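Undergrad: Chain B: place on chain A using the hints.
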Amino acid sequence: MARRGVVNRGVVYAQGAWRGAWPSGMLRWGRALRPRREGAPGGAPGGAPGRPLRTAAPLSSDIFRELGRGLGRLGQTLKDQLPALEHGAGGWTPPGTPAGPRPPEEADVVVVGGGVVGWSVAFWLKALEGRRHGMRVLVVERDPTYSRASTVLSAGGIRQQFSLRENIQMSRFSASFLRNINEHLGVPNEPPIDIQFQPSGYLFLAPPQRAAKLEATVRLQREEGAQVALLSPTQLKAKFPWMDTEDVAVASYGLEDEGWFDPWTLLNAFRYKAMSLGVHSCSGEVQGFITSAEDTVSLQTARIKYVHIHMPDSLEYQPVTCAIVINAAGAWAEEVMGAAGLPGVLCQPPLPIQPRKRYVFSWHCPNGPGFSCPFLIDTTGAYFRRDGIAGNYLGGMSPPEEDEPDTSDLSVDHDFFQERVWPRLARRVPAFESLRPRGAWAGFYDYNAFDRNGVLGRHPKLENLFLAAGFSGHGLQHAPAVGRAVAELVVKGRYESLDLRRLGCRRLVEGEPLEEDGVV
Amino acid sequence: MAALRAVLGCRGAPALRPPPGQSRGAAGGLLQRLGQWFYEVEVVMAWGERLRQHRLRSRNAYRSFLRDTYGENVAAAVFTLSCGGGVRFEGQDSWIRPESHWRPEVLRLRDVPVVALDLSGSPLNYNGLDNLVPLTRLRHLDLSGCPHLDDWALGRLHVFGDTLQELSVARCPRVTERGLATLHHLRELRRLDVEGVRVPSPGLVRILLEEMLPDCQVLGMDLGDGTGTPTGGEKPPA
Chain A
-1 MARRGVVNRG VVYAQGAWRG AWPSGMLRWG RALRPRREGA PGGAPGGAPG RPLRTAAPLS
59 SDIFRELGRG LGRLGQTLKD QLPALEHGAG GWTPPGTPAG PRPPEEADVV VVGGGVVGWS
119 VAFWLKALEG RRHGMRVLVV ERDPTYSRAS TVLSAGGIRQ QFSLRENIQM SRFSASFLRN
179 INEHLGVPNE PPIDIQFQPS GYLFLAPPQR AAKLEATVRL QREEGAQVAL LSPTQLKAKF
239 PWMDTEDVAV ASYGLEDEGW FDPWTLLNAF RYKAMSLGVH SCSGEVQGFI TSAEDTVSLQ
299 TARIKYVHIH MPDSLEYQPV TCAIVINAAG AWAEEVMGAA GLPGVLCQPP LPIQPRKRYV
359 FSWHCPNGPG FSCPFLIDTT GAYFRRDGIA GNYLGGMSPP EEDEPDTSDL SVDHDFFQER
419 VWPRLARRVP AFESLRPRGA WAGFYDYNAF DRNGVLGRHP KLENLFLAAG FSGHGLQHAP
479 AVGRAVAELV VKGRYESLDL RRLGCRRLVE GEPLEEDGVV
Chain B
80 MAALRAVLGC RGAPALRPPP GQSRGAAGGL LQRLGQWFYE VEVVMAWGER LRQHRLRSRN
140 AYRSFLRDTY GENVAAAVFT LSCGGGVRFE GQDSWIRPES HWRPEVLRLR DVPVVALDLS
200 GSPLNYNGLD NLVPLTRLRH LDLSGCPHLD DWALGRLHVF GDTLQELSVA RCPRVTERGL
260 ATLHHLRELR RLDVEGVRVP SPGLVRILLE EMLPDCQVLG MDLGDGTGTP TGGEKPPA
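Protein chains in written order, with the numbering used here: chain A, -1 to 518; chain B, 80 to 317.
Simulated from the structure, these hints should not be mistaken for laboratory data. Hints should not be assumed to be uniformly reliable.
[To be verified] Chain B residues, not near chain A, derived (Cβ > 10 Å throughout):
id	residue
1	E119
2	A140
3	Y149
4	L160
5	C162
6	L186
7	A195
8	T215
9	R216
10	R218
11	T242
[Stated by the list, open to error] Rough simulated footprint, nothing fancy, chain A against chain B, three-plus residues with beta-carbon under 8 Å:
id	region
12	125 to 132
13	177 to 185
14	227 to 233
15	256 to 265
16	283 to 297
[What the hints assert, rightly or not] Here's a subset of chain B near chain A, in silico, CB distances under 10 Å, partners left out:
id	residue
17	E121
18	V122
19	Y205
20	H237
21	V238
22	R253
23	V278
24	P279
25	S280
Nothing here was measured: the structure is a model prediction, and the numbers come from that model. No residue lacks a Cβ here, since even glycine has one placed at the ideal position from N, Cα and C.
Chain A on its own, in the form it takes in the complex (with noise of 0.2 Å):
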């Protein structure tokens, strides 16, 4: 083996055939104070005898390396002792333990659905408390894959042309909040949200019998300040020659803020924000409540004093004690409101909000309408949009009552594309009448049978129960807006940016409808 004498502080190991002629100790010595001559002949392995072996000493920089490793194993070994920041990181969980964060046993709010809509709550009540941490808001979800949500199984389009006021106001302030996205819900050190809005405008077809109230919602849309054209047929024709017009009236066209975006980055968006600004979350579902009306005799109105939020398959659940409780479960609204322990006297009105069943059909042309194709809405109440840049389309039709698909499961019919949708689809888009459907999936509107508006505000009966539920397929493109207005209800006690006293639930009560044209 190579033999390799190195100075180490001024020590010189013994080599080569010096041996013996001197005293040991004294050789050592005198050998220590001569420099080493490089090269020496290999000679003997090992030093001069009674040295130990080494094969390569340390340089002495080597040591802050040791020190700087050894450091390193110690903060490694602090770092295992710290708990894990995550649930069952590093650590073991018994099976059968549900996944997510446990509730706490109290909280000042309690958001029932963890949609789009019930984070925005959670997060513009955060955004309103007026001091850090002023407020404990849990948000209860029993479904954190999302898998039947109707957020993510939306089209995802925004628009302003509704035919009622508070929906063109919702939609504006809902339009400023996403074009200044990171201004809202921008979190330090994260990459900038991109909801990947695509501003290409609604078009609403309409023959020649809702003419005149096509044109009427549009001078209320234009009053509220939406931008809005109407169209002729020739003018159809000539900004979009792929379409057929007959049987087109006139035409109401979207020109700013309105078109589609992604809603589960949205969502994402929100919650990040919320949790980042000290929002609790937890999986379950709410299934109970304990009111005062088991302590009082009369029974006009009740509080709700605890939640019982059960664990997914389980029978174990956790009594959480809250202060205000917001009823933002989409199309389970009314389900929630029949959950055990809510006096049946004290649900009344009931709310007439009912899951119903949508399908969402994609498909590929190749030569179908090109990038100026905006959310066309047929005369007969089809519906299209471009998807993408490759010639993929989504689109669907919502059926009539009477042919209302039964909302057990979220399976499609594929029939209803190749009957009811793609005919009309083809009379009105010529091009379309050579596709390849791609694929469908469903998802439940949260239809308010009623008026098919929202309903928002605090219950009549229930004193601290908040509603925001309802809103009969426009629930994505409102959520920034009935956030922050419920999280005005419940801080300031009033609506402040936008007035949306209408909407509660003093019409149903009354039994005075406040109708929506527009819902596709």
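TA: Then chain B, alone, in the frame of chain A:
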């Protein structure tokens, strides 16, 4: 005393993960890392961000008093010049730039319409377009290199549908093909410069733009100019 987030269990904050590079150099990276560990640094960084947004908002504010007093052309010209851009009025060959004595000149041209605006590199955003939207005879608009111009703002350019002939959105980092799709309103457009705009497949977007605006010459979005993901010869994503 700086509150250590890890030790206090960062209640409510999600698990710490390394933030992707959004730093402004070495100092920014250090601040980022400190911000992960200390609440105070994070708050100070948030204040810095809010100050930046406030400054951007004030630069893009709508000068309604100018419009009421002098008319929309002068208001747009003053806005452009205060952002560091250039203005050209009808009948003039040379550009008015902020380096010259522009105030008396612009006021002299009170009733002359503005035909060309050069806002390249300016902090123009959606709100700043309030100042430009009333113009009725604008023919040339240069918005290249505007860092805050995004798809929402491009959606507002439809008001120039009857007059705009030349538009440039080259090298605007926030413009994507979704904003370019709204340019179909600009029927009179003859030159569109989209050099350096980041899109997933430049060749396909160029074809779609040429189809959408048949009389317009599209500059800049070629297959080989390196914008977007380099996927030579692949079929567009289905």
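Undergrad: Each hint: holds or not?
TA: Hints and how they fare:
1. E119: 12 Å, holds
2. A140: 15 Å, holds
3. Y149: Non-interface label stands for B/Y149: nearest chain A Cβ at 25 Å, farther than 10 Å.
4. L160: 26 Å, holds
5. C162: Consistent with the label, B/C162 stays out of reach of chain A, its closest Cβ about 20 Å off (over 10 Å).
6. L186: The claim holds: B/L186 sits with its nearest Cβ about 31 Å from chain A, beyond 10 Å.
7. A195: 24 Å, holds
8. T215: Its Cβ never comes within 10 Å of chain A, the nearest being 17 Å, so this holds.
9. R216: It holds; B/R216 is separated from chain A by about 20 Å at its closest Cβ, greater than 10 Å.
10. R218: 21 Å, holds
11. T242: Per Cβ check, B/T242 is outside 10 Å of chain A; nearest 16 Å; holds.
12. 125 to 132: Check passed, 3 qualifying residues.
13. 177 to 185: As far as the region 177 to 185 of chain B goes, the hint is violated, because 0 residues have Cβ atoms under 8 Å from chain A.
14. 227 to 233: holds (count 3)
15. 256 to 265: holds (count 8)
16. 283 to 297: Contact hint for the region 283 to 297 of chain B vs chain A: holds, 6 residues under 8 Å.
17. E121: 5 Å, holds
18. V122: Check passed: Cβ of B/V122 comes within 9 Å of chain A, closer than 10 Å.
19. Y205: 6 Å, holds
20. H237: With Cβ-Cβ at 5 Å, under 10 Å, it holds.
21. V238: 8 Å, holds
22. R253: This hint holds: B/R253 lies near chain A, its Cβ roughly 9 Å from the closest one there, short of 10 Å.
23. V278: 8 Å, holds
24. P279: Result: holds, 8 Å to nearest chain A Cβ.
25. S280: 7 Å, holds
Checked against the numbered hints above, the structure breaks only hint 13 and satisfies the rest.
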